[in-house]
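*Asks:* Next come the chains, spelled out residue by residue.
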Amino acid sequence: MKSLREFLVAHAQNGVISFSVQAKAVREFRLPFPVVEETILKTNLLPSRYLRNQETLSQADQFSLFRSRVAVIGCGGLGGYIVEALARVGIGHITVIDPDVFDDHNLNRQLLSETGTLGLSKAEAAVGRVRRINPAVTVAPVKRVFTRENGGMLLKHARAAVDALDSIGLRLDLADVCMEMGIPLVHGSIGGWYGQVTTQFPGEDTLRKIYSGRSHDKGIEDRLGNLSFMACLVAGFQAAEVVKIILDQGKTLRGRMLSINLLDVEIVDVAL
Amino acid sequence: MKIELNLYASLARYIPREAGAPCNRIFEVGEGTTIIALLHHLQVPMDKVKLIFLNGLHAHGDEILSEGDRVGVFPPVAGG
Numbered sequence: 686m687k688s689l690r691e692f693l694v695a696h697a698q699n700g701v702i703s704f705s706v707q708a709k710a711v712r713e714f715r716l717p718f719p720v721v722e723e724t725i726l727k728t729n730l731l732p733s734r735y736l737r738n739q740e741t742l743s744q745a746d747q748f749s750l751f752r753s754r755v756a757v758i759g760c761g762g763l764g765g766y767i768v769e770a771l772a773r774v775g776i777g778h779i780t781v782i783d784p785d786v787f788d789d790h791n792l793n794r795q796l797l798s799e800t801g802t803l804g805l806s807k808a809e810a811a812v813g814r815v816r817r818i819n820p821a822v823t824v825a826p827v828k829r830v831f832t833r834e835n836g837g838m839l840l841k842h843a844r845a846a847v848d849a850l851d852s853i854g855l856r857l858d859l860a861d862v863c864m865e866m867g868i869p870l871v872h873g874s875i876g877g878w879y880g881q882v883t884t885q886f887p888g889e890d891t892l893r894k895i896y897s898g899r900s901h902d903k904g905i906e907d908r909l910g911n912l913s914f915m916a917c918l919v920a921g922f923q924a925a926e927v928v929k930i931i932l933d934q935g936k937t938l939r940g941r942m943l944s945i946n947l948l949d950v951e952i953v954d955v956a957l
Numbered sequence: 057m058k059i060e061l062n063l064y065a066s067l068a069r070y071i072p073r074e075a076g077a078p079c080n081r082i083f084e085v086g087e088g089t090t091i092i093a094l095l096h097h098l099q100v101p102m103d104k105v106k107l108i109f110l111n112g113l114h115a116h117g118d119e120i121l122s123e124g125d126r127v128g129v130f131p132p133v134a135g136g
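Sequence lines, in order, name chains A and B.
Numbering-wise, my numbering comes out as the position in the first sequence, counting from 1, plus 685.
Numbering-wise, my numbering comes out as the position in the second sequence, counting from 1, plus 56.
Hints in this document: simulated from the structure, not taken from any laboratory.
Any given hint could be a false lead.
Reference listing, derived: stretches of chain B covered by chain A, where coverage requires no fewer than 3 residues with Cβ under 8 Å from a Cβ of chain A [said to hold, decoys possible]: (1) 57 to 71; (2) 89 to 95; (3) 108 to 117.
Pairs of lysine to aspartate or glutamate, EDC-like flavour, derived with a Cα cap of 16 Å [said to hold, decoys possible]: (4) B:Lys58 <-> B:Asp103; (5) B:Lys104 <-> A:Asp746; (6) B:Lys104 <-> A:Glu723.
For glycine and all other residues, C-beta sits at the position ideal for the given N, C-alpha and C.
Bound-form chain A, shown alone (with noise of 0.2 Å):
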């Protein structure tokens, strides 16, 4: 019998492997679709599925991602949409973290939310989402509130960070953890017409600085709520910057905010 290596050079088309040929993979060799995918691109053949990726990203740039961890924490408006970002651009480890369920009032802006998934777990929601869109992505899910005592375990080998959340409490907590961790925090956030996004690298206190002297743990989303495409939008900056970060690619937000104002179309580039 061919080994799963030999299997794929043999089926490979312009040293790209169909789904199908990396499903059939997964069957007769009855390995884990990422043990195949790795496989795949160790061998310096790509899985069609990255194909529109390319030029911009090489082959080894999909390498990289596909050996990197990312914890995502929050799993809601923005989280949704970040865990499918990442999972599209071929991120190979997420840590999902959420601890709440699906509600009536997600529906307007949370990917992760359907009529089918209300009263379900969020993290659970993003696992089964990845799955059905890329198997070859392992999401580890947390339902479990990230804080300061925890969150050295559940950040461990990540590479980086994302900020979804939605108190100023818990994004604190979030960047000192990540401070501590020496790793990088990709910090989003919306409200109404309204989104900011920004980058703090070890040694930094980018958060606090945006945070420091808040005595409420909300922001003008609690009367304005959160719309759809801002969530889409910011979720989309922040996917960006965590692909910029592990590839070492481009210019990040480091030491910069995005304050972006859909209403008026005004996106302002702030030195932090």
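We have chain A already, so just place chain B on it with the hints.
*Replies:* Okay, now just chain B, sitting in the frame of chain A:
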């Protein structure tokens, strides 16, 4: 003296403007006016003010304005 004031995100509505007219961000202020006094004058609710920048640097709001100063003010945004 003239200063430039930018109110961002949900605070943009407190910049006085006539319907359909472009937003005028240049304000005439008196000697000794602080950033907070100017925001009070424009009826900006201070509990909606989070970040204040004066000429690109963090400010507390009690700074006295000078000719040509640029002020930027942001509300807290924390939804997800």
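*Asks:* A separate judgement is required for each hint: does it hold in the structure or not?
*Replies:* Structure-based check of each hint:
no.: 1; hint: 57 to 71; verdict: holds (count 5)
no.: 2; hint: 89 to 95; verdict: violated (count 0)
no.: 3; hint: 108 to 117; verdict: holds (count 3)
no.: 4; hint: B:Lys58 <-> B:Asp103; verdict: 26 Å, violated
no.: 5; hint: B:Lys104 <-> A:Asp746; verdict: 43 Å, violated
no.: 6; hint: B:Lys104 <-> A:Glu723; verdict: 49 Å, violated
Checked against the numbered hints above, the structure breaks hints 2, 4, 5 and 6 and satisfies the rest.
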